[in-house]
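Residue numbers (the numbering used here), protein chains in the order written: chain R, 0 to 327; chain L, 0 to 327.
Calculated from the structure, these hints are not laboratory results. Cβ atoms here follow ideal geometry from the backbone N, Cα and C, with glycine treated the same way. It is possible that some hints are incorrect.
According to the in silico footprint, chain L covers these stretches of chain R (three or more CB under 8 Å from chain L) [claimed, not checked]: (1) 141 to 149; (2) 188 to 199; (3) 208 to 220; (4) 282 to 293.
The calculated DSS-like cross-link candidates involving lysine-lysine, where the alpha carbons are at most 25 Å apart (straight line), are [stated by the list, open to error]: (5) L:Lys243 with L:Lys284; (6) R:Lys2 with R:Lys102; (7) L:Lys168 with L:Lys284; (8) L:Lys293 with L:Lys33; (9) L:Lys36 with L:Lys63; (10) R:Lys284 with R:Lys269; (11) R:Lys168 with L:Lys63; (12) R:Lys243 with L:Lys168; (13) L:Lys243 with L:Lys168; (14) L:Lys284 with R:Lys168; (15) L:Lys168 with R:Lys284; (16) R:Lys168 with L:Lys168; (17) R:Lys168 with R:Lys319; (18) R:Lys168 with R:Lys102; (19) L:Lys319 with L:Lys102.
Partner residues aside, some chain L positions facing chain R, computed with beta carbon under 10 Å [said to hold, decoys possible]: (20) Glu56; (21) Phe158; (22) Val165; (23) Arg169; (24) Cys177; (25) Ala257.
Protein chains: 2
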Amino acid sequence: MSKPYVVGIDIGGTNTVFGIVDARGAVLASSSIKTRKQPTVEAYIDELYTELTKLIEVNDAVGKINGIGIGAPNANYYTGTIEQGVNLPWPTPIPLAQMVSEKFNLPVAVTNDANAAAIGEMTYGAARGLRDFIMITLGTGVGSGIVINGQLVYGHDGFAGELGHVTVKRNNGRLCGCGRRGCLETYCSATGVAQTAREFLEARPGEPSILREMPIDEITSKDVYDAAVAGDKLAHDVFEFTGKILGEALADFTVFSAPEAFILFGGLTKSGELIMRPLRDSLEKNLMPLWRGKVKVLLSELKEADAAVLGASALGWEAKFNNLPQRY
Amino acid sequence: MSKPYVVGIDIGGTNTVFGIVDARGAVLASSSIKTRKQPTVEAYIDELYTELTKLIEVNDAVGKINGIGIGAPNANYYTGTIEQGVNLPWPTPIPLAQMVSEKFNLPVAVTNDANAAAIGEMTYGAARGLRDFIMITLGTGVGSGIVINGQLVYGHDGFAGELGHVTVKRNNGRLCGCGRRGCLETYCSATGVAQTAREFLEARPGEPSILREMPIDEITSKDVYDAAVAGDKLAHDVFEFTGKILGEALADFTVFSAPEAFILFGGLTKSGELIMRPLRDSLEKNLMPLWRGKVKVLLSELKEADAAVLGASALGWEAKFNNLPQRY
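Given only the sequences and the hints, what does the whole structure look like? Please build it.
Printed below as a string of structure tokens:
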């Protein structure tokens, strides 16, 4: 019989946020620590244990935690480890599920942050009742969580759903952190928006723009947004460009799994219609005729801070003690 | 309690092949009729009924058929209908499952031909034991059947898995039958190979080629194959070009569902290493580093004539009388 609470932990590159969540998805209490403060992953988990134990005690939840779910970059649902190529200060692979499970003596399940967000949205947010949707996270990078027939797609090895790494520009595309060129996330992430602004500023030297008032290398996606809102034509065009590429990509994703909706999540969605209008136009234009007018593009309904914790926590209900979810 | 046999029907643009199949996947007997001979779909189903009834009687299978599975272009698993935009001589939509079910008084389930091939391969062929794979059919067009966690992906509306229609050339791509430009199937189908040969012949006017001995508009993929086997450089380059594009596409598909393998099926696979070597090279080069060396590319193990009938027949075991498979 399951206990009344689960813990959700979202490990980000900067902050680790954790919360105690009940069966209806209410966050009882939450707190956070700095991800990069500790020199070793063992010390990091010690600190997490100390802070989380405090939170559990203060909220009278001792002995009432059913399991822990963790969302972390490159975390593998099948193996419970954080794999290589990730922006964390410790050597990989990190056997995260096992380490946290042993520390807390609780069952632990992990998945990557975008998958956790998809689970959160399906359980508590804009994807409630949807059985086929694709979550796209537009942050520093572009992540995704794919749900088909009500189930998250993990694939053969647990790494499915890396839609930020489809190639959208085959020749001379931007260099991606994955080592290849032309990946979607080099264009449609916050980083990509800033890069596009820099390229537009250089390619259109005669055109005035508010963005020329700051050092070009310090331009952020927020600066581009502020400039566009202030009526800056070049900044506006940056969002047109970004939305167009994203719409083309979503049209291609549609032929794969025929989702009822895409759910967008993350910092860039705060740009609202600046990106959403060109995105929807481009999606409709590029969809196969049979899907035109039928694929929804929705915005996340979860507070960004809550979504990852809630999504991760949902895994806590099914977490098993062996740290390896039974696949077959 | 299920009866010992099912019937599989593969409706192609030219021929309709049908067979009686037992639980181990042995084709007891099969036959065919011309798909386009009859002026109405009713007359077509009448002829199918007459011929199939003969086959059932001759093989002592009267009263022993559990259900009928049908693979047909643009057939929708959820609705049981053949939808618009299909190369058949009758008005669409065609309520195929209902019509055949009423005629035979047997439960009927339908799916598109590529999905049927995927089911056939999973049940009896190269995908036995695989829970995550993608079937790619390389025929007149390019079709696909996606299997995730052991289940065929139908998507929200039953039309998932149209991977022949991802856009591989964003600008000035070839016009596709779907009305858009640059779809994979305009390059990597038999038709696409012939078109590439024509383009190469025009773009490289000084270069000798066996293919120049025939009228350019009559060149088929078989001609290109024969020329390549005979040592023709230009024909060889056509397969290099085709394999490269297909490999790039498969690398993109991998980020979606992380399949253990791609299974290739259809006429173009007869080109063997001519297309497989550039395909594998291109796939490896374009895969995200984490998947390099890990994604298999296999050839179908089913006889082309059997695969579609076997795959369709597998649906006959689960067919229900209401013609609408229960989804939830």
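Hints and how they fare:
{"no.": "1", "hint": "141 to 149", "result": "holds (count 3)"}
{"no.": "2", "hint": "188 to 199", "result": "violated (count 0)"}
{"no.": "3", "hint": "208 to 220", "result": "violated (count 0)"}
{"no.": "4", "hint": "282 to 293", "result": "holds (count 6)"}
{"no.": "5", "hint": "L:Lys243 with L:Lys284", "result": "holds (10 Å)"}
{"no.": "6", "hint": "R:Lys2 with R:Lys102", "result": "holds (19 Å)"}
{"no.": "7", "hint": "L:Lys168 with L:Lys284", "result": "holds (18 Å)"}
{"no.": "8", "hint": "L:Lys293 with L:Lys33", "result": "violated (43 Å)"}
{"no.": "9", "hint": "L:Lys36 with L:Lys63", "result": "violated (29 Å)"}
{"no.": "10", "hint": "R:Lys284 with R:Lys269", "result": "holds (24 Å)"}
{"no.": "11", "hint": "R:Lys168 with L:Lys63", "result": "violated (55 Å)"}
{"no.": "12", "hint": "R:Lys243 with L:Lys168", "result": "holds (15 Å)"}
{"no.": "13", "hint": "L:Lys243 with L:Lys168", "result": "holds (13 Å)"}
{"no.": "14", "hint": "L:Lys284 with R:Lys168", "result": "holds (15 Å)"}
{"no.": "15", "hint": "L:Lys168 with R:Lys284", "result": "holds (15 Å)"}
{"no.": "16", "hint": "R:Lys168 with L:Lys168", "result": "holds (9 Å)"}
{"no.": "17", "hint": "R:Lys168 with R:Lys319", "result": "violated (42 Å)"}
{"no.": "18", "hint": "R:Lys168 with R:Lys102", "result": "violated (45 Å)"}
{"no.": "19", "hint": "L:Lys319 with L:Lys102", "result": "holds (15 Å)"}
{"no.": "20", "hint": "Glu56", "result": "violated (40 Å)"}
{"no.": "21", "hint": "Phe158", "result": "holds (5 Å)"}
{"no.": "22", "hint": "Val165", "result": "holds (5 Å)"}
{"no.": "23", "hint": "Arg169", "result": "holds (7 Å)"}
{"no.": "24", "hint": "Cys177", "result": "holds (5 Å)"}
{"no.": "25", "hint": "Ala257", "result": "holds (3 Å)"}
Against the hints set out earlier in the document, violations occur for numbers 2, 3, 8, 9, 11, 17, 18 and 20.
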